[in-house]
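Hey, can you work out the whole structure from these sequences and the hints?
In order, the protein sequences belong to chains A and B. Read the first sequence against the numbering used here and you will find it ends at 945, with the numbers running on by one and no gaps. Read the second sequence against the numbering used here and you will find it ends at 945, with the numbers running on by one and no gaps.
Mixed in with the good hints, there may be bad ones.
Which copy is meant is left open, because identical chains are indistinguishable; a pair holds if it fits in one copy or across any two.
[Unchecked claim] Once the Cα atoms are required to be at most 20 Å apart in a straight line, the calculated SDA-like pairs of lysine to any residue come out as:
1. K854 / Y565
2. K681 / E657
3. K830 / F766
4. K681 / F549
5. K830 / G629
6. K563 / P908
7. K759 / R842
8. K830 / L628
None of these hints come from the bench; they were simulated from the model.
Listed here are the chains, written in short residue letters.
2 protein chains.
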Amino acid sequence: MRFSSKIQRCELSPVRKFYPYELAAVEKGLKVRHLNIGQPDIETPRVFFDAVSKFADTVLAYAPAPGETYFLEATRRYYESLGFPISCEDILATYGGSEALQIVMSCILEEGDEVLVPEPFYPNYTTFINVTGGKIRPIPTTAENGYRFATRQQIEPLINEHTRAILMTNPGNPTGVVLTQEEMRLMADIAKEHELFLISDEVYREIVYTGDKLSSMLAFADAADNVVVIDSVSKRFSATGARVGALISRNRALMDEAMKLCQGRLCTATLDQVGAAAMYDRLKPAYYTSVREEYRRRRDAVVAALSKIPGVEFRSPEGAFYLMVTLPVDDTEKLQYFLLQEFQDQGETVMVTPGDGFFSDPALGRNKVRIAYVTNPEDVTRAIELLGLGIQAYNARKA
Amino acid sequence: MRFSSKIQRCELSPVRKFYPYELAAVEKGLKVRHLNIGQPDIETPRVFFDAVSKFADTVLAYAPAPGETYFLEATRRYYESLGFPISCEDILATYGGSEALQIVMSCILEEGDEVLVPEPFYPNYTTFINVTGGKIRPIPTTAENGYRFATRQQIEPLINEHTRAILMTNPGNPTGVVLTQEEMRLMADIAKEHELFLISDEVYREIVYTGDKLSSMLAFADAADNVVVIDSVSKRFSATGARVGALISRNRALMDEAMKLCQGRLCTATLDQVGAAAMYDRLKPAYYTSVREEYRRRRDAVVAALSKIPGVEFRSPEGAFYLMVTLPVDDTEKLQYFLLQEFQDQGETVMVTPGDGFFSDPALGRNKVRIAYVTNPEDVTRAIELLGLGIQAYNARKA
Numbered sequence: 547m548r549f550s551s552k553i554q555r556c557e558l559s560p561v562r563k564f565y566p567y568e569l570a571a572v573e574k575g576l577k578v579r580h581l582n583i584g585q586p587d588i589e590t591p592r593v594f595f596d597a598v599s600k601f602a603d604t605v606l607a608y609a610p611a612p613g614e615t616y617f618l619e620a621t622r623r624y625y626e627s628l629g630f631p632i633s634c635e636d637i638l639a640t641y642g643g644s645e646a647l648q649i650v651m652s653c654i655l656e657e658g659d660e661v662l663v664p665e666p667f668y669p670n671y672t673t674f675i676n677v678t679g680g681k682i683r684p685i686p687t688t689a690e691n692g693y694r695f696a697t698r699q700q701i702e703p704l705i706n707e708h709t710r711a712i713l714m715t716n717p718g719n720p721t722g723v724v725l726t727q728e729e730m731r732l733m734a735d736i737a738k739e740h741e742l743f744l745i746s747d748e749v750y751r752e753i754v755y756t757g758d759k760l761s762s763m764l765a766f767a768d769a770a771d772n773v774v775v776i777d778s779v780s781k782r783f784s785a786t787g788a789r790v791g792a793l794i795s796r797n798r799a800l801m802d803e804a805m806k807l808c809q810g811r812l813c814t815a816t817l818d819q820v821g822a823a824a825m826y827d828r829l830k831p832a833y834y835t836s837v838r839e840e841y842r843r844r845r846d847a848v849v850a851a852l853s854k855i856p857g858v859e860f861r862s863p864e865g866a867f868y869l870m871v872t873l874p875v876d877d878t879e880k881l882q883y884f885l886l887q888e889f890q891d892q893g894e895t896v897m898v899t900p901g902d903g904f905f906s907d908p909a910l911g912r913n914k915v916r917i918a919y920v921t922n923p924e925d926v927t928r929a930i931e932l933l934g935l936g937i938q939a940y941n942a943r944k945a
Numbered sequence: 547m548r549f550s551s552k553i554q555r556c557e558l559s560p561v562r563k564f565y566p567y568e569l570a571a572v573e574k575g576l577k578v579r580h581l582n583i584g585q586p587d588i589e590t591p592r593v594f595f596d597a598v599s600k601f602a603d604t605v606l607a608y609a610p611a612p613g614e615t616y617f618l619e620a621t622r623r624y625y626e627s628l629g630f631p632i633s634c635e636d637i638l639a640t641y642g643g644s645e646a647l648q649i650v651m652s653c654i655l656e657e658g659d660e661v662l663v664p665e666p667f668y669p670n671y672t673t674f675i676n677v678t679g680g681k682i683r684p685i686p687t688t689a690e691n692g693y694r695f696a697t698r699q700q701i702e703p704l705i706n707e708h709t710r711a712i713l714m715t716n717p718g719n720p721t722g723v724v725l726t727q728e729e730m731r732l733m734a735d736i737a738k739e740h741e742l743f744l745i746s747d748e749v750y751r752e753i754v755y756t757g758d759k760l761s762s763m764l765a766f767a768d769a770a771d772n773v774v775v776i777d778s779v780s781k782r783f784s785a786t787g788a789r790v791g792a793l794i795s796r797n798r799a800l801m802d803e804a805m806k807l808c809q810g811r812l813c814t815a816t817l818d819q820v821g822a823a824a825m826y827d828r829l830k831p832a833y834y835t836s837v838r839e840e841y842r843r844r845r846d847a848v849v850a851a852l853s854k855i856p857g858v859e860f861r862s863p864e865g866a867f868y869l870m871v872t873l874p875v876d877d878t879e880k881l882q883y884f885l886l887q888e889f890q891d892q893g894e895t896v897m898v899t900p901g902d903g904f905f906s907d908p909a910l911g912r913n914k915v916r917i918a919y920v921t922n923p924e925d926v927t928r929a930i931e932l933l934g935l936g937i938q939a940y941n942a943r944k945a
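So this is what it looks like as structure tokens:
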């Protein structure tokens with residue numbers, strides 16, 4: 547009995563391998579601080595839990611395959627309030643942004659097809675694409691240039707007869723890059739000119755520090771056939787365990803293909819849709835502002851703390867709650883093992899995500915880490931301080 | 547921009563095309579009774595809603611990729627109570643049985659690979675298999691033989707170098723067939739001898755009318771490497787909108803491959819796992835008995851009512867809550883249009899599921915329908931009566 551070549555091109559999460567070492571550190575009595583996971587500590591709004599508790603049907607029945615009408619309507623109104631009018635038929639409720647990505651990749655990718663993805667990229671994109679038989683062709687970016695990717699010179703030479711789509715995260719995970727309006731316009735133009743799907747993962751939409759108006763590729767009506775938006779309530783409402791996302795596109799043919807898969811898996815979770823609709827309907831603009839300001843404080847804390855570490859290189863992130871940092875070490879994976887096995891400061895150590903998993907060529911990420919700043923500023927500051935001390939100890943030990 | 551050849555081999559739900567005609571019938575003032583959908587009217591246990599309401603964390607966080615420990619433990623104890631000892635590592639929490647099927651098919655199927663499936667089969671199996679590039683090779687069965695499939699003569703001639711797995715639903719949807727212990731033993735033997743995965747969809751496990759002990763392919767420890775069980779709380783607890791299922795196998799290599807996909811999509815819904823675990827932990831054997839007896843009353847009602855219709859052929863189902871019925875008409879799809887557009891009795895009409903979608907060659911199902919008996923005996927009886935009157939009117943009109 548054998549396994550498919552496609553699943554064999556997928557990998558287990560690179561984070562997983564550190565887990566036994568984390569356990570061992572905890573057993574030794576160490577407190578392990580986390581800069582490695584995107585699980586915010588911000589409370590999930592009570593309206594979510596209240597709506598779920600008030601669910602009054604005696605039978606928890608299947609939702610319709612494309613989503614509960616109240617969830618689709620709430621999502622539509624949310625987009626309308628941002629200035630992006632869409633209809634409910636342009637929305638399919640999915641199990642988080644993850645299933646939306648799985649569905650669109652299954653609809654468009656043939657064995658050998660390519661998807662352009664700015665690199666470094668969210669590692670799970672590899673799984674969603676490889677399992678269909680497609681593959682990622684990275685759009686290389688540089689730390690020096692702040693990981694920006696939206697130029698014709700960077701993208702167009704990579705387009706060939708196998709290219710089906712461009713997939714981008716905006717605001718960016720892991721880079722924190724937020725595209726300008728001009729860059730978004732250019733991405734739409736490139737997609738149109740080359741007849742590509744432009745899959746825009748916008749799950750961090752509200753978390754931007756640039757002061758710009760909230761954006762979406764849905765703004766470009768002339769590229770309506772190209773644009774596919776991936777969305778989710780997970781990060782917007784700090785409700786990652788509510789698996790409610792959306793696949794949004796005005797491309798009717800794509801939505802018809804996607805509907806086949808939605809019908810196949812019957813529906814997404816009814817109660818999570820109840821809670822998500824309540825959050826869209828009842829949270830005021832002040833909620834979004836307060837969350838953004840809280841992340842801004844965390845961003846400022848992480849930037850201030852990182853600036854005190856000699857030899858690190860990074861740009862202050864413009865959005866989302868991650869940044870890539872180049873560290874003055876030979877191998878960030880070795881550093882992580884060191885931090886868990888040999889280092890401590892006042893009984894504490896720290897975890898980051900080594901950069902190799904964010905690159906198609908792991909060597910490109912060897913001196914980089916992704917940092918997630920999802921806890922309060924004091925905790926973030928202390929965690930970065932531990933990282934700095936750890937780097938010092940790691941390099942001293944080797945010297 | 548084009549779509550993948552694999553998605554183009556999938557189809558929209560055949561039920562969908564009748565929906566506009568149902569709406570039109572309702573607008574004309576008709577009451578439409580349903581024998582076409584598997585949505586039970588049995589109440590979801592209060593323990594589900596109570597557990598969800600009592601969820602006390604302030605952050606609704608990601609569950610672990612393989613599932614919340616309390617859900618895996620509750621599932622493990624449920625299997626232990628049935629006499630099938632498994633460990634938590636043998637279980638992956640999934641979005642219903644549907645995602646468990648999607649995951650296993652992605653893990654094992656290559657372009658051109660074949661899965662043997664007793665025919666008639668659950669139509670969504672086609673989607674789960676075709677989207678991977680695989681295809682169904684049907685194990686033909688006959689209405690005369692009560693749709694039984696577990697013989698060497700029926701199965702072994704179909705096995706070739708492309709065969710990767712056998713997928714069966716037991717108890718059966720749409721046939722109501724429940725395998726005997728001897729038949730299950732034979733299926734395990736065939737899988738072992740031919741080195742095939744034996745994927746056993748057991749979501750209707752409790753709904754059996756034969757008086758036999760509840761069964762699972764997990765009973766066959768010698769076929770542990772072959773057996774993959776698909777499970778779900780949807781039907782067991784009448785909670786179809788809670789998307790909590792499980793992929794269960796002792797084949798560690800398979801589970802390692804499946805974990806890649808579980809990690810890719812991060813986790814399944816946290817609250818649904820909370821509710822599902824509570825149902826497993828707190829519902830007593832009397833609950834399962836009462837549900838089975840309720841379905842038995844419905845089964846008896848549907849059988850009694852069908853027996854009064856001249857010319858129909860069927861076997862009394864042994865399990866699940868469906869049966870395939872051969873009708874004395876030329877085309878059950880045409881009959882369904884007639885029932886919605888031209889027929890009524892005392893202001894009522896009825897919907898069934900035409901049989902064509904349950905067969906790889908639609909012609910084989912043309913004179914068949916699937917009937918779901920998921921409402922109370924009186925409603926089922928009246929709906930079948932309407933079907934009988936409708937058949938009479940349909941055939942009279944044509945004559």
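Please write out, lowest number first, the hints stated earlier that are contradicted by the structure. 1, 3
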